[in-house]
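Can you make the complete structure from the sequences, with help from the hints?
Protein chains in written order, with this note's numbering: chain A, 6 to 367; chain B, 6 to 367; chain C, 6 to 367.
Among these hints, one or two may not hold up.
Identical copies go unnamed one by one, so any copy, or any two together, can satisfy a pair.
List of simulated lysine to aspartate or glutamate pairs, DMTMM-like, C-alpha gap at most 20 Å [what the hints assert, rightly or not]:
id: 1; residue 1: Lys195; residue 2: Asp49
id: 2; residue 1: Lys319; residue 2: Asp266
id: 3; residue 1: Lys319; residue 2: Glu281
id: 4; residue 1: Lys319; residue 2: Asp78
id: 5; residue 1: Lys245; residue 2: Glu297
id: 6; residue 1: Lys236; residue 2: Glu281
id: 7; residue 1: Lys84; residue 2: Asp266
id: 8; residue 1: Lys245; residue 2: Asp49
id: 9; residue 1: Lys305; residue 2: Asp196
id: 10; residue 1: Lys195; residue 2: Asp272
id: 11; residue 1: Lys295; residue 2: Glu334
id: 12; residue 1: Lys295; residue 2: Asp272
Calculated directly from the structure, the hints in this document are not laboratory data. Remember, it's a predicted structure, so these values are computed and weren't measured experimentally.
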Amino acid sequence: MKPCTPCSIAVAAAALFATASATAQDTSSVQVYGIFDIGVEVNDTGAPGSSNLWLVNSGNMSATRLGFRGTEDLGGGLKALFNIEMGVALDTGGTISLPDSPGAIWGRRAVVGLQGAFGSLYLGRDYTPGFWTVLQTDRFRYGLPGTVSTPSQISATRANNGIFYNTPTMGGLTGRFAVALGSEGTTAAKDQGRLYSGSVDFRSGNLFLSAAVQRRRDLSPGSTTETTAMKEAGFGGEYKAGSLTFSAGYWGADPVTATTDAVTKSDAYWLGASLEVGVGVVSAQVAQTKLEVIGRGEGKATNFGLSYSHALSKRTNVYAAVGGVSNDEMTRLALNTGSQRVGGAVFGADPRAAIVGVRHTF
Amino acid sequence: MKPCTPCSIAVAAAALFATASATAQDTSSVQVYGIFDIGVEVNDTGAPGSSNLWLVNSGNMSATRLGFRGTEDLGGGLKALFNIEMGVALDTGGTISLPDSPGAIWGRRAVVGLQGAFGSLYLGRDYTPGFWTVLQTDRFRYGLPGTVSTPSQISATRANNGIFYNTPTMGGLTGRFAVALGSEGTTAAKDQGRLYSGSVDFRSGNLFLSAAVQRRRDLSPGSTTETTAMKEAGFGGEYKAGSLTFSAGYWGADPVTATTDAVTKSDAYWLGASLEVGVGVVSAQVAQTKLEVIGRGEGKATNFGLSYSHALSKRTNVYAAVGGVSNDEMTRLALNTGSQRVGGAVFGADPRAAIVGVRHTF
Amino acid sequence: MKPCTPCSIAVAAAALFATASATAQDTSSVQVYGIFDIGVEVNDTGAPGSSNLWLVNSGNMSATRLGFRGTEDLGGGLKALFNIEMGVALDTGGTISLPDSPGAIWGRRAVVGLQGAFGSLYLGRDYTPGFWTVLQTDRFRYGLPGTVSTPSQISATRANNGIFYNTPTMGGLTGRFAVALGSEGTTAAKDQGRLYSGSVDFRSGNLFLSAAVQRRRDLSPGSTTETTAMKEAGFGGEYKAGSLTFSAGYWGADPVTATTDAVTKSDAYWLGASLEVGVGVVSAQVAQTKLEVIGRGEGKATNFGLSYSHALSKRTNVYAAVGGVSNDEMTRLALNTGSQRVGGAVFGADPRAAIVGVRHTF
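Set out below in structure tokens:
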């Protein structure tokens, strides 16, 4: 193996001017992939005077995305890996950036790392351990109106400037750990966004269990220099019995806020099931979220969803789903229908939505 | 075939952490494609005191673009299809978003759909039927100074949040239909941008004919809640006789506006011809547009263009073109040179441009 | 060969609706490539009261990038080539646009061109000849704290709206020439950004020499319509003796500015060396920059860096580096650590940084 020096960047730079070289093409392992999901939705925010709205929505069952990923075998069980992924809005041709990394078109994931007997280590922007615990116990996998994405009130689903370590799987156990270095001194509060997160997954036969805990330094209310720890944690599981799969979970969060009408504490429980019927799957899930709302007190919101997915192939399916949220007078939980939200503005209003669509994976 | 459940998104998500799997690569059919077009242009807006301006311009004969598309055979004649396409400005390294979907980098096209014996059905952002009628009767195919892109005054060339259905071709006839659900309640006028459009193409031997009609709900002048129907329609054809091809077309439009100096009605006619000369093609086209201008009255603008394209291969050609607009005192039609416009600010000014460039398709 | 007419765009357009056609895939030569580089950095701006800051930084040894390039053999020694390249921020999922083309996501490079016995001719946004002279004499190749990117004070590294011609190599000599047409009349100063640049490279055995001169019309201080020539020029070389490589260079610049505390003239010299040690390379470089600062006088800044790079394969390496700048009371040169800068705000402060990271090329 020839040495790869700081100077080898010159070779790379020079290659820009070379035509696509045979060598580079031979060893390149980059894969272009994506999920394109779009459908027609009718919804109603349930607010006084609201009426049905018909929409073409992108990213219902899965977020529409385009990504590039690849791997290189370094020998001795070691691999280099990379992945960047962009959220795409098929309804407008736009891109979707996420609130915790505004304007970042590769904000779904942007990492490079190494994998070996020691596990895997990624640097960049990645999913948090808590994200994986909720995802894997959400019967709707962060899609369609039944998802617990919003009902769980999970806050730290991804983190910038992070170091992400996953253990190898031993005795069915896998650990995930993340440390994110926060806003990197670009704000007055040096540790803003600093995150510590860890989780453990257990898999044995048809049983899966997961638990996670997360801490993130968010700006203290009224301050631009001091931070307070946002705390969240949860657990859940999944059990497969023939064509039936059950799942259940819990997530609790302590957001850092002092704003009137904002949520200062939440506890969410959910229970879901799905049944395979030929090449189709029927899924249902209900989630109950207790919310402490500043200036109002404690309330309760119930989210429910029912879906049918029909496989046209391994990579393409059509789906139909209905769902809604029942808010009491203290809450205004929005209905998450995938990449969109319905309602969330008026306390006590009950949003509803129905969607039919198609999803293609490539 | 295994069922594809809401839960299969978990598999997809998990795959993010897997290295580019052999299976995924085997079945992936995504194609990266594009057109890169750049040249040197000299132009003059024709306004009092204007002089020649030398430019390097991207997207002259064809808009410069990068796209991803793919297909999956679902069996039984059914196919899944997808396509996203980005406009690229080679002169600056920027992206080009279109006025009807501001900031959308995939604004050239973003769809997923199904194709079968029934025809094809796409959802997302796509070309309107009217776009196709004008494109196929424009001897310059929306490129170079001779194009009728601007002279035709066609307004709805693409639509967001749309459902696009193309019939199969029967007896030479193909129908295209589009319904776009508009701005999806994100504006005060619920139906803003709602579009209905239909067209029919007829092809028999060397003869091609096409006609289209379009309606779109645009904001009524002075209102943010009420809309008025923008109406446009047209027709045209093309006939090939040996190395000669003739084309002609008409497009009429009723824009919704009450702004002084804006166009409130237009009628455009065009006539074009091209002649194959060895591996080259000479093309010429003239278009006459009658315009009703608010506060000024009716005027007439004549657009003309002449081009020569020389094939270096099936995928690469060089080209040279000249063109201009003759405006009378009532009009200020801009000269469209591809992705750029010359003039359009001063009534009665006559913009001119000449371009040489290269276009590469991959 | 069939003629490629203006009308062939229709074929291209129609292909959008076709499924990825076998023909297109057969002839397509587009290559997706990139460099993903990320690491952990600790730095200190050296300003009074500053302290260590820990960061996850993208693009240390090489700028993190994603690109598309391709070539087509046109026969007779002629080739068509294209390349667009995006800067990616792995730490946030964002894109990196460059100051001289704000917001342009393909701002690293965006060209299409022809190559043949005559040399190569590109149009679009590309690197300047001066960029190549500095790059090839910079032992750190524009990466890690030892780079002369900032110390050299080179200003015109890329140019928009450009025509770039490279001669064929004759007798070890290669010439590069660039003319950029500037801001294309989009600003009041018609010739703003107009650039003329040329360089010559000489390579013979283990010896490499390069020299370049550049002129760019920048806005005259206090004016929005008049421009003044920014002048810069330099030279340098590299010599390889077994496992040792030496390099040295000079760059002088006359920026156009009248702002207090801004640099009005600079002269930079550098000397670097690297030693191959097994699959690793140790590199060191020191650069001294004399700066004339408006309102302060002449000062001197010394930049130094030391790095070790260890190859895991031809495409993947890990690295460690330290570096800093010693500013006198007249200067505030920032420490360039790759895609980031440390310090630069406070005169006389001495920024320092240490980085460990991983770089993967695909």
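Which of the numbered hints are not met once you compare them with the structure shown?
2, 5, 6, 7, 8, 9, 10
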